[in-house]
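Q: Each chain, letter by letter, is given below.
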Amino acid sequence: MTSSQLFVAFWTIVTKEVRRFTRIWGQTLLPPAITMTLYFIIFGNLIGSRIGEMGGFNYMEYIVPGLIMMSVITNSYGNVVSSFYSTKFQRNIEELLVSPIPHWVILCGYVIGGVSRGLAVGFIVTLLSLFFTDLQISNIAITVSIVFLTAVLFSLGGFINAVFANSFDDISIVPTFILTPLTYLGGVFYSISLLPDFWQGVSMLNPILYMVNTFRYGILGVSDINVGFAYSMILLFIVILFSVSLHLLKSGKGIRS
Amino acid sequence: MLQPLNEDRVAHTMLTPANQDQFMTTALSINNLRKVYGNGFEALKGISLQVEEGDFFALLGPNGAGKSTTLGIVSSLVNKTEGSVSVFGHDLERELSKAKMCLGVVPQEFNFNMFEKVIDIVLTQAGYYGIPLKVARERAEFYLRKLGLWEKRNERARMLSGGMKRRLMIARALIHNPRLLILDEPTAGVDIELRRSMWDFLQEINAAGTTIILTTHYLEEAESLCRNIAIIDHGTIVQDTSMRELLAQLNTETFILDITPAQQQAPQLKGYRSELVDDHTLVVEVEREQGMNAIFQALEAQDIQVSSMRNKANRLEELFVSLVEQNLEQEKA
Ligand SMILES: Nc1ncnc2c1ncn2[C@@H]1O[C@H](COP(=O)(O)OP(=O)(O)O)[C@@H](O)[C@H]1O
Ligand SMILES: [Mg+2]
Numbered sequence: 001m002t003s004s005q006l007f008v009a010f011w012t013i014v015t016k017e018v019r020r021f022t023r024i025w026g027q028t029l030l031p032p033a034i035t036m037t038l039y040f041i042i043f044g045n046l047i048g049s050r051i052g053e054m055g056g057f058n059y060m061e062y063i064v065p066g067l068i069m070m071s072v073i074t075n076s077y078g079n080v081v082s083s084f085y086s087t088k089f090q091r092n093i094e095e096l097l098v099s100p101i102p103h104w105v106i107l108c109g110y111v112i113g114g115v116s117r118g119l120a121v122g123f124i125v126t127l128l129s130l131f132f133t134d135l136q137i138s139n140i141a142i143t144v145s146i147v148f149l150t151a152v153l154f155s156l157g158g159f160i161n162a163v164f165a166n167s168f169d170d171i172s173i174v175p176t177f178i179l180t181p182l183t184y185l186g187g188v189f190y191s192i193s194l195l196p197d198f199w200q201g202v203s204m205l206n207p208i209l210y211m212v213n214t215f216r217y218g219i220l221g222v223s224d225i226n227v228g229f230a231y232s233m234i235l236l237f238i239v240i241l242f243s244v245s246l247h248l249l250k251s252g253k254g255i256r257s
Numbered sequence: 001m002l003q004p005l006n007e008d009r010v011a012h013t014m015l016t017p018a019n020q021d022q023f024m025t026t027a028l029s030i031n032n033l034r035k036v037y038g039n040g041f042e043a044l045k046g047i048s049l050q051v052e053e054g055d056f057f058a059l060l061g062p063n064g065a066g067k068s069t070t071l072g073i074v075s076s077l078v079n080k081t082e083g084s085v086s087v088f089g090h091d092l093e094r095e096l097s098k099a100k101m102c103l104g105v106v107p108q109e110f111n112f113n114m115f116e117k118v119i120d121i122v123l124t125q126a127g128y129y130g131i132p133l134k135v136a137r138e139r140a141e142f143y144l145r146k147l148g149l150w151e152k153r154n155e156r157a158r159m160l161s162g163g164m165k166r167r168l169m170i171a172r173a174l175i176h177n178p179r180l181l182i183l184d185e186p187t188a189g190v191d192i193e194l195r196r197s198m199w200d201f202l203q204e205i206n207a208a209g210t211t212i213i214l215t216t217h218y219l220e221e222a223e224s225l226c227r228n229i230a231i232i233d234h235g236t237i238v239q240d241t242s243m244r245e246l247l248a249q250l251n252t253e254t255f256i257l258d259i260t261p262a263q264q265q266a267p268q269l270k271g272y273r274s275e276l277v278d279d280h281t282l283v284v285e286v287e288r289e290q291g292m293n294a295i296f297q298a299l300e301a302q303d304i305q306v307s308s309m310r311n312k313a314n315r316l317e318e319l320f321v322s323l324v325e326q327n328l329e330q331e332k333a
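Top to bottom, those sequences are chains A and B. If you're matching positions, the first sequence starts at 1 in this note's numbering and goes up one per residue. If you're matching positions, the second sequence starts at 1 in this note's numbering and goes up one per residue.
Chain B on its own, in the form it takes in the complex (with noise of 0.2 Å):
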């Protein structure tokens, strides 16, 4: 590692010198966090997660879950009731310093001086962690330009669009170089292509190895970026594994068959859950041992064709709601 020793780092690893690469490692520790708002509602039951350095680590739950409140809690917005939190081995109750300079956020909600020019902001946020003008000056130039907004440095913030406002608290988030960040739905109101690069932002600044949480709506980009994911809802976790153990969990995958010529009713297929969505597409369920040859077979005696075939999206979604009514189910009980 190039961090220089600090005095705690030397504690800690002369404490724990088995635990050594594990404490090193891990970029986010929750244990049975807790909170309860001063309406006496508990947002967040008791949960515990551990990210470790370097993943691209999705959070994920419907709305009310306990999203923001837990990220809230980690970057000192939301006081904790009970439980302890620490980034990087620094624990926020004693070493908040330390734990907030390896932290940067982007929070839910745009949350920045409207009237300020963008530029302003950015090296504003620097000023907050102590650098000096000259380096933030660089390091503002280099992630507005990344981001998109070096054109725009010298415009008010209120005049920037949804997706350039959204960048623009990744670029301020970024500016003291963290190595965790954490996006509270961060594409949540950005349009398809502006999303896309923004995701491809992240996996680059998570290559170079800083580590990324992050909260979406939208599975089908968590499924296909993040490594590893937690599923929250009504204040408790309900599944935190990696993204490839989550999806074999799905048993059934569901395609959507082209089919000519014109059907009338559902073809024949004996074994297999189908449906027919209009005269030209069949929805055919499909167990994992099944295989999909006698599929074809079947609707081939029917002198039916498979023009094109294409696996159905948002197979994550589906997981998602299953997992969410199982936990709705067990509440009830």
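With the rest of the complex left out, here is chain A (with noise of 0.2 Å):
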């Protein structure tokens, strides 16, 4: 195929991609407006007003940051997740199957598309925090790169995640047992720097906490970790889930038989 065949068909698979999860926004786009809506709500007013500042910030600020990058984080991965899983268990994988489109592109639209739903909720969700705070962006450059780089990772994952599904409930167990508890012990409602040295080690090996980290400090200027080691490890990842992605695709593991 030219470049610009090549280009057609991996826009085909965005707006395919954003036209699905538009069409059920009532399933994609509204249910993590309200979790998030009532955090802030909870958590940021309620129980922040109690907690006082954390990081040098009051509670509201320190959390809407690793918010958005939560509702970001679970989006991108469950819309390529669920996408890629019904597209095999619908059979309309093989529209692709039989069509001349490279496997590296299949990839990139299926991606792409994970991250603008994981952007478009991360929109969603940050216009909802300016009704309970103020947000001002200490550097634009990091904080739209690390969004975008975490969307992309996330992508990843949840293609590989609905590789090996083989049921509705596979598609849920990454999810609820691994990507949640490491949101939660990411740093998005604390700083690590509350815990004990035990802890904090630990806390160092958990992936999530250098994307929550490198958000807040683009969009707060403050970080428990360092920024440019937490842009090696994200792009390390997104060329090792590539890879692999990449392998599984062309092996027609779980796609042909």
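Hints listed in this document are in silico derivations from the structure and should not be mistaken for laboratory results. Here a beta-carbon is modelled for each residue, glycine too, at the ideal position from N, C-alpha and C. Take the hints with a grain of salt, since some may be wrong.
Said to hold, decoys possible - Restricting the straight-line Cα-Cα distance to at most 27 Å, the calculated cross-link-like pairs of lysine-lysine (DSSO-like) are: (1) B:K152 - B:K117; (2) B:K152 - A:K88; (3) B:K134 - B:K146; (4) B:K165 - B:K146; (5) A:K88 - B:K312; (6) A:K88 - B:K117; (7) B:K134 - B:K152; (8) B:K312 - B:K270; (9) B:K165 - B:K117; (10) A:K253 - A:K88; (11) B:K146 - B:K117; (12) A:K250 - B:K45; (13) A:K250 - A:K88; (14) B:K152 - B:K165; (15) B:K270 - A:K253.
Claimed, not checked - Derived list of chain A stretches under chain B, where covered just means 3 residues or more per stretch with a C-beta under 8 Å from a C-beta of chain B: (16) 87 to 93; (17) 98 to 112; (18) 121 to 132.
Assembling the complex is the task here: the two chains are given apart, and the hints tell you how they should meet.
A: Shown next as structure tokens:
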């Protein structure tokens, strides 16, 4: 295929993905908006006012970046895992298999589809947060790039999950048992400097901690961790997960008998 | 040929000058194709098949013979175990993308997203082939109109009837104007009237130059429409010939005679095998050399009138059954 044909094919997948999550907005865009508003009210307003400061900011300001990041992570992952799994399940994956689209274009299409939902929800949550606090972005380049890279990384994760999934149960196991705990323990609600040394060390093994903190650094200018190190880690993980996904597509795992 | 010369075609032409014609016109070439599924089942035992450009080709076989497996490998939906496949000279291993551009696929099972609109399904498929939206819209309208789906273009796919879903898959398969269209049981679940119009449509695009390969259970239709035929059974090709030659293998033909007056027992017909089905219906098997005059004379002599007569339909069916039985016996031996 020529490069313009490749682009048409890529863009087709992206628009199909966007059409899907906007068509079912009641399942994709609305729930995080409601959940996050509740978080803002309960943790930010009601409880936050008693907590006082966290890392030099009032509690609401401190948790908003974490909650935005949490929505981006769950939604980019959730979009790809459920979309690609139902594509397998309904067999319309065959539309892709018979066509001449290279595997890397399929993968990029689904990933950018997931990123789109991640960013769309992130944007909605950001808008909602403005009702509760003033957001001043200290470093726009870091803020935007870290959200984008995180969305890419978790879209890839969702893709791999979908490849291995054989039932609708399989697509909720990883989010429930791995993603959610890691996010809650990833410094969304607290600064790890509050933890004893041992648990600080353990927290440093949690990749989500790096993303949440880098994003918070982009907005507030404070971080528990080294931002350069966070970028290298995320990029490394993206490369690894991209290669794994590509390899799975090539082998036809879960797709071709 | 109006096809622009591309590099690999030139290369092939230079490599095989004597064979040029043959190269240019083989739509599908399958060589020693084997498939062993993950559970160890050998669904294809090394089949070979050539289909020439412009052909209307039938792949026939009982359930589980390996038809869908064969078409699945050709359309990249199933991984092969051994052997090679090429579409218009493009080997699936070396020039997969070019081969796919020449190929349209209508699978046996509905495989579109039931929640999408008809028009979106077709346009999305066009996009997968890199066709710009403007061109895609024109083609989508053309094929959806042709297949009687234009009025339904904004309906969700799950709202369509079975026959419409099938036609949607045909429109989708044609959106990149493939030179070879393969259809797996296209008339399954389609009622008689729609089936006929589907056949008309396929004949029309075949006459316009599209090579067609299909599998079907409706042998009668295959008999009247397809020029060439292969019969597959238990993963082997048991017959690969033209429809005409295949039918010529039939040594006997069966006729159904409506007779008056009512008969209690079968009339005497020397030299013919016959059976009285009911008091007005006589079935007679006629060997190729026998002719039929003697039948009428014998009946006349017994004061029996033949009020009407017809050829027993599904001649192919009989042949098919006998071929499959032969194959079964050979396998046992
Ligand atoms: N995924 C699979 N795993 C194992 N066996 C299969 C699979 N798909 C088909 N088969 C077997 O392979 C044989 C051929 O199947 P198929 O090609 O679908 O036949 P047909 O289309 O001629 O009815 C059947 O016996 C079928 O049970
Ligand atoms: Mg079949």
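Q: Could you work out which of the previously given hints the structure breaks and list their numbers from low to high?
A: Of the numbered hints, 5, 15, 18 do not hold.
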